[in-house]
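K.L.:
Line by line, the protein sequences are chains A and B.
Be aware that the first sequence starts at 1, since it is given in the working numbering, and climbs by one per residue.
Be aware that the second sequence starts at 1001, since it is given in the working numbering, and climbs by one per residue.
Warning: the hint list may mix true and false statements.
Simulated pairs of lysine-lysine, DSBU-like, Cα-Cα distance not exceeding 35 Å [to be verified]: (1) A:Lys65 - A:Lys43; (2) B:Lys1314 - A:Lys88; (3) A:Lys252 - A:Lys212; (4) A:Lys88 - B:Lys1404; (5) B:Lys1314 - A:Lys43.
Covered by chain B, according to a simulated footprint, are these stretches of chain A (three or more residues, beta-carbon under 8 Å) [unchecked claim]: (6) 101-115; (7) 118-132.
In case anyone wonders, no lab produced these hints; they're calculated from the structure.
Just so you know, these numbers come straight off a predicted model, no measurement behind them.
In this text, a Cβ means the ideal position worked out from N, Cα and C, and glycines have one as well.
So the chains spell out like this:
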Amino acid sequence: MIASLLSIRDLDRAGIERILAEAAVFQKDGPRITRKYPTLRGKTVVNLFYEASTRTRTSFELAAKRLSADVVNFTAGGSAVEKGESLKDTARTIEAMGVDLIVCRHASSGAPHRLHEWVSAGVINAGDGMHEHPTQALLDLYTMRQHFESFDGLRVAIVGDVLHSRVARSEIWGLQTMGAEVTLVGPPTLMPPQAEGWGVEVTPDVDAVLPKADVVYLLRMQLERMDAGYVPTLREYARLWGLDAARAAMLKEDAIIMHPGPMNRGVEIAADPAELPRSVITSQVANGVAVRMALLYLMLGGRDARAEVPVE
Amino acid sequence: MSVLLKGGRVIDPAAGVDEIADVLVEGDAVAGAGRGLDGAETIDCAGLVVAPGFVDLHTHLREPGREDAETVASGTRAAARGGFTAVCAMANTDPVADSAAVVEQVAALGRAAGFADVYPVGAITIGLRGEKLAEMGEMATSGARVNFFSDDGRCVQDAGLMRRAMEYARTFDGIVANHAEDRGLASGGHMHEGEASAELGIRGIPAEAEEIVVARDIALARLTGARLHVLHVSAARTVELIRRAKAEGVRVTAEVTPHHLVLTDERVRGYDPVFKVAPPLRTQADADALRAGLADGTIDCVATDHAPHPREDKEQEFDRAPCGMLNLETALGVVLTHSGLDLPRAVEVLSSAPARIRGLAGHGGPIEAGAPANLVVFDPEANWTVEPGAMASLSRNTPFAGEKLRGRVVHTMLRGRFTVRDGKDADGQG
Chain A
1 MIASLLSIRD LDRAGIERIL AEAAVFQKDG PRITRKYPTL RGKTVVNLFY EASTRTRTSF
61 ELAAKRLSAD VVNFTAGGSA VEKGESLKDT ARTIEAMGVD LIVCRHASSG APHRLHEWVS
121 AGVINAGDGM HEHPTQALLD LYTMRQHFES FDGLRVAIVG DVLHSRVARS EIWGLQTMGA
181 EVTLVGPPTL MPPQAEGWGV EVTPDVDAVL PKADVVYLLR MQLERMDAGY VPTLREYARL
241 WGLDAARAAM LKEDAIIMHP GPMNRGVEIA ADPAELPRSV ITSQVANGVA VRMALLYLML
301 GGRDARAEVP VE
Chain B
1001 MSVLLKGGRV IDPAAGVDEI ADVLVEGDAV AGAGRGLDGA ETIDCAGLVV APGFVDLHTH
1061 LREPGREDAE TVASGTRAAA RGGFTAVCAM ANTDPVADSA AVVEQVAALG RAAGFADVYP
1121 VGAITIGLRG EKLAEMGEMA TSGARVNFFS DDGRCVQDAG LMRRAMEYAR TFDGIVANHA
1181 EDRGLASGGH MHEGEASAEL GIRGIPAEAE EIVVARDIAL ARLTGARLHV LHVSAARTVE
1241 LIRRAKAEGV RVTAEVTPHH LVLTDERVRG YDPVFKVAPP LRTQADADAL RAGLADGTID
1301 CVATDHAPHP REDKEQEFDR APCGMLNLET ALGVVLTHSG LDLPRAVEVL SSAPARIRGL
1361 AGHGGPIEAG APANLVVFDP EANWTVEPGA MASLSRNTPF AGEKLRGRVV HTMLRGRFTV
1421 RDGKDADGQG
């Protein structure tokens, strides 16, 4: 198994399948994992978060603790970084403490790649700038797998701000590795200029895409995009691209609605579609812990993987 | 005291000379060039090229203000190692070179260091702020005799202000050189906008940000009759704009850096800020067009845009790191290894062409009796590996670290005095 996960492209189809299979084992008794495994006893995982993130950090922390690893949270605000030590110095400090794995979230694209060059510990990219968020893609693939037998030919529409989205890039490349067909939908101002070269379809016409989609993946639409002039107003965005009740009704019977959270209700998603049975947004969150457990287990290679101890 | 550079291939574009000959230097000047000359000391130059010392129109010496990155002394030492006898120090220092006092200080520091003649560039606007014209006349009539003006690092965004700068510079036939980058298009960008930037999740700067400003500046040069110099051309369509402007008779000249000739945005894929530069490295098609433009004379010269940054500034996240690359010590090697130019054109773009643009008498040849002995002797076939740790620059941000280059400076001579001899600093320090 890989020693670091910087990009979803670090994994081939078999590697992704293996992680999804392990995650399923951890969830064999239900989506909420109530057992604690001794697998990573003696291993130390550092959550190095340069950006606020309750969801991802908590998910990694829970996953590591369920595997009995020691977890250290290192959270630095943007201003502390400006004043304080460089990423390189921080990396070396953490390294000197004897750490097996660093989980890094950073506002700068490529920061985990730089970190990876400076430390001997493994590095997991927990979201870097506008680049990637590979574990989000893994948990989303896992969630899709719960609803669809095969990824081959699966039609996934990713709707919204692809340009600034690290989730979108990992999602696209992960889905392509698995054989799915991806369509990017949204205002042309929020599409990467070179996206067609990725082998995806790109269109501004959400209403043409929804009836054909198996998965509708909504991206978070941030207020700053309006201020920076990418869209005139969030209200107009909601009207032209938001998933409201009328659009939800266009979906196929078995289509599912996904969102990486946190949601802007009333913008990319109306209040009610999130509550529809076809929304799997809450299971995405629960699945995140299982998938990250699978990844940590495979990367840090514990023994007695199946031995279980009750949760303390 | 006299020195005879014997039996080298003398390439002297300003005189139209390319032949095996001797060059005799007496005191600070050339005493003659030809066959059968005698000197007190003979230096065998067989197999080597003897040429006018190189001239760099675009150097960041960082002094005053960032002496941790480079000083006039360290930067000109690097220049001498690269075969340069003249460098033009860009104005984006701290304080900015926007007054007679600062340009005279920089020129004086150059004279004190003695490794290369330092010709300061004056700022176009006060503090490079793009708001009010700097006292260009004061700088032009100062001891530094500045005739070349640039806010390099910043683009003069306001077309009205740029027009005034060009009109005003005509007073002393000054050259206005703009860092062409439209603010609106470039805002927040850290690399070329293309396939690589889209994948890397780094906000891009489209080539159009340069093309739009160069097209505007050419129109203003046409309007004002002033001389425009286009700094560090990076995009294929910019080459085309310059080609058409020249055909039309607009007074425009242009430079290209060694790195834009050979490196592309693909090099950014490891997120190493050593490949971060302004304008950004673009595509292979752009690099190909730049080489073609340099070969056919559309682009007049190579300029290094030598831009030192301390290690701690470059060893950062990509979007936080500053732009710039070292180039003085590798320019010749990169040009000979990668540009595809023949030796006479390579010498021309590094020496006589830039000297002519700025009107630097005594630099760039011709190598003739009475001319200041500003010369370089280089081995066009010598292979060497770029070692950042061995550089004279105080900084280490070369994008060519570890690369094998062909073509290396053997001797550099400034007014008859060796600054580099047998590949080593003549003062014995390096």
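K.L.:
Evaluate each hint against the coordinates.
P.N.:
Outcome of the hint check:
| no. | hint | result |
| --- | --- | --- |
| 1 | A:Lys65 - A:Lys43 | holds (10 Å) |
| 2 | B:Lys1314 - A:Lys88 | holds (11 Å) |
| 3 | A:Lys252 - A:Lys212 | holds (7 Å) |
| 4 | A:Lys88 - B:Lys1404 | holds (29 Å) |
| 5 | B:Lys1314 - A:Lys43 | holds (33 Å) |
| 6 | 101-115 | holds (count 7) |
| 7 | 118-132 | holds (count 5) |
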